[in-house]
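K.L.:
Chains as they are written, first to last, in this note's numbering: chain U, 105 to 327; chain F, 103 to 354.
Hints are computed from structural coordinates only; laboratory data are not their basis.
Glycine is no exception: its CB is placed at the ideal position from the N, C-alpha and C atoms.
You may find that some hints are simply not true.
Facing chain U, a subset of chain F residues (Cβ under 10 Å, in silico) [stated by the list, open to error]:
1) TYR117
2) PRO126
3) TYR127
4) SER217
5) GLN253
6) ILE254
7) SER256
8) VAL267
9) GLN275
10) ALA277
11) LEU279
12) THR281
13) ILE322
14) LYS323
15) SER336
16) ARG338
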Amino acid sequence: MRCLLLGAAAAALLLTACRAPAVRSTAPAASMSVEQLAAAVAEDARRSDTESDAKIRERLAADAGREAQACLERAPQAAACLYYHAIALGLEARAHPLRAGEALKSMLDALAGAEAADAGIDEAGPARVKALVLIKAPAWPLGPGDADAGLASARAAVSLKPQYPPNVLALAEALAKIGDTRGAREAYGRARELCQALPPSRDRDDWLRQAEQALGRLTAPSH
Amino acid sequence: MSAAVATLVFCAPGYPGGAGDAQPYVDQFAKAASSSGWSGTLAAVYDPTEQGGLAKLNDKDSVLAFVPYAFFVQHGAALHLAPLAQADVVGVGTEERWTLVGKAGGSVTDAKSLSGYTILSVAGYAPEFVKHSALAAWTLPSDVKIEATGQILSALRRVASGEPVVALLDQTQAASLATLPFAAQLKSLVQSPPLPVALIAVVDSRVPAARAKTVQTALIKLNAAAGGADTLASLRLKGFVLPQLPGNTGKP
């Protein structure tokens with residue numbers, strides 16, 4: 105019943121994979137730098153991820169789209185602009201599930217561009233976010249989802265930045281998606297260890313909770 | 103049973119969408135479907151898993167089910183599902199053909215040569231559907247395995263690589279085969295007759311006949327009702343028609 109929930113599945117994409125800098129810009133003013141615009145998109149993504157009101161998510165997606173476009177106009181080849189343009193497209197997909205297919209394909213193109221420009225940006229963000237899109241998006245032929253390719257991207261992110269917990273969490277999720285429960289459990293355990301070695305922070309607590317919840321699910325007896 | 107807690111259960115094993123993501127859409131649908139002639143509230147719940155869906159459908163408050171035809175074939179008798187309406191799906195229609203795909207130039211040419219193979223499909227959770235509906239034209243050897251997969255792209259890669267697997271594709275998947283870079287390594291082996299895509303059914307006579315008829319009429323007219331087309335579109339539906347099952351079974 106592919107009638108059901110293509111849009112809803114797209115809406116499930118988690119976009120917290122990009123780290124939110126502390127700086128918050130509210131509008132793409134002409135004076136804003138590339139760094140400020142990128143930070144504004146990241147903040148929109150962080151807020152959208154915790155926002156339950158669809159209307160507010162729509163507004164955040166629109167803000168992010170304008171900020172990303174302004175960033176690209178200033179520096180079309182900058183990895184940060186390409187990367188946060190991809191993040192803005194993810195917000196667009198989430199806010200408008202029925203248009204998610206095109207937005208997600210454009211998002212993957214933008215991530216490929218960002219990865220080519222600077223694969224290490226945001227702690228291997230392009231590979232990590234690409235992995236999450238490929239894992240969570242509706243699969244062929246309904247969407248760009250591809251668990252095998254998602255696993256390859258997650259491995260690439262971990263290879264670049266092995267100490268960054270979200271990369272290991274993405275790898276764990278990819279392994280779980282292809283049915284490698286043992287591998288997923290090991291990766292979630294590794295992510296938990298990495299989190300526990302970090303100083304306290306909201307991000308650290310979020311990642312740790314993700315790892316522990318997933319470990320709980322993977323070790324719970326199946327019904 | 104109180105009408106105030108009546109529930110419409112959506113269950114589509116193997117297709118995308120988590121329960122939380124789907125809830126606003128199924129809520130909207132239930133509200134629209136019950137807007138004429140339903141006293142009390144018709145709640146809706148979505149479960150993407152076969153076992154979860156079965157558990158919900160066994161709850162006495164579950165009065166209606168919206169399920170793929172494969173689910174209906176597999177579980178309809180045990181759950182006493184009586185079809186009310188047949189979904190008309192955007193880009194597919196009210197019926198679809200299923201296609202068995204094997205490796206081009208491979209050894210599978212007929213049912214007998216499937217011995218030792220595994221059939222992978224999004225409908226693999228419903229072996230009765232696979233054997234007696236989708237592949238009714240072939241009598242499968244007893245050692246053929248049938249497995250469910252939500253990763254049909256991975257399954258097709260396994261087919262193309264020569265593993266002893268074949269893939270049973272729904273109409274949307276089969277129509278998209280040419281888009282795959284390894285399409286030349288695949289071939290269609292056999293195709294089903296047209297089969298319903300999805301159905302809304304009454305569960306275990308939990309809706310009185312008169313009310314079921316009212317709901318059926320409301321569903322058939324939903325695409326013409328105010329806001330109905332938008333509600334349907336959010337679930338990639340065009341509307342509903344009266345059920346026309348193979349063999350005309352299960353008439354409400």
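K.L.:
Confirm or reject each hint.
P.N.:
Tested hints:
Annotation: F:TYR117 was flagged as interfacial toward chain U, and the flag holds, the nearest CB pair being 6 Å apart, inside 10 Å. For F:PRO126, the interface hint holds, the least distance from its beta-carbon to any beta-carbon of chain U being 8 Å, beneath 10 Å. About 6 Å separates the beta-carbon of F:TYR127 from the nearest beta-carbon of chain U, less than 10 Å, and the hint is met. Proximity of F:SER217 to chain U is violated relative to the hint, the smallest CB-CB distance being about 25 Å (cut-off 10 Å).
Look at F:GLN253: its Cβ gets to within about 5 Å of chain U, closer than 10 Å, so that hint holds up. The beta carbon of F:ILE254 comes within 7 Å of a beta carbon in chain U, closer than 10 Å, and the hint placing it at the interface holds. The closest approach between the C-beta of F:SER256 and any C-beta of chain U is roughly 6 Å, which is under the 10 Å cut-off, so the hint is satisfied. Nearest Cβ of chain U to the Cβ of F:VAL267: about 14 Å, over the 10 Å cut. The hint is violated.
At about 6 Å, the closest approach between the beta carbon of F:GLN275 and any beta carbon in chain U falls short of 10 Å, and the interface hint on this residue holds. Nearest Cβ of chain U to the Cβ of F:ALA277: about 8 Å, under the 10 Å cut. The hint holds. The beta carbon of F:LEU279 is positioned within 10 Å of a beta carbon in chain U (closest approach about 9 Å), and the interface hint is therefore held. A distance limit of 10 Å between C-beta atoms decides the matter here; for F:THR281 the minimum to chain U is near 7 Å, and the interface restraint holds.
Hint status for F:ILE322 relative to chain U: violated, with the closest Cβ pair at about 17 Å, above 10 Å. Against a cut-off of 10 Å between C-beta atoms, the interface hint on F:LYS323 is violated, since the closest Cβ of chain U lies about 19 Å away. A distance limit of 10 Å between C-beta atoms decides the matter here; for F:SER336 the minimum to chain U is near 7 Å, and the interface restraint holds. Annotation: F:ARG338 was flagged as interfacial toward chain U, and the flag holds, the nearest CB pair being 4 Å apart, inside 10 Å.
Violated hints for the displayed structure, listed by number in ascending order: 4, 8, 13, 14.
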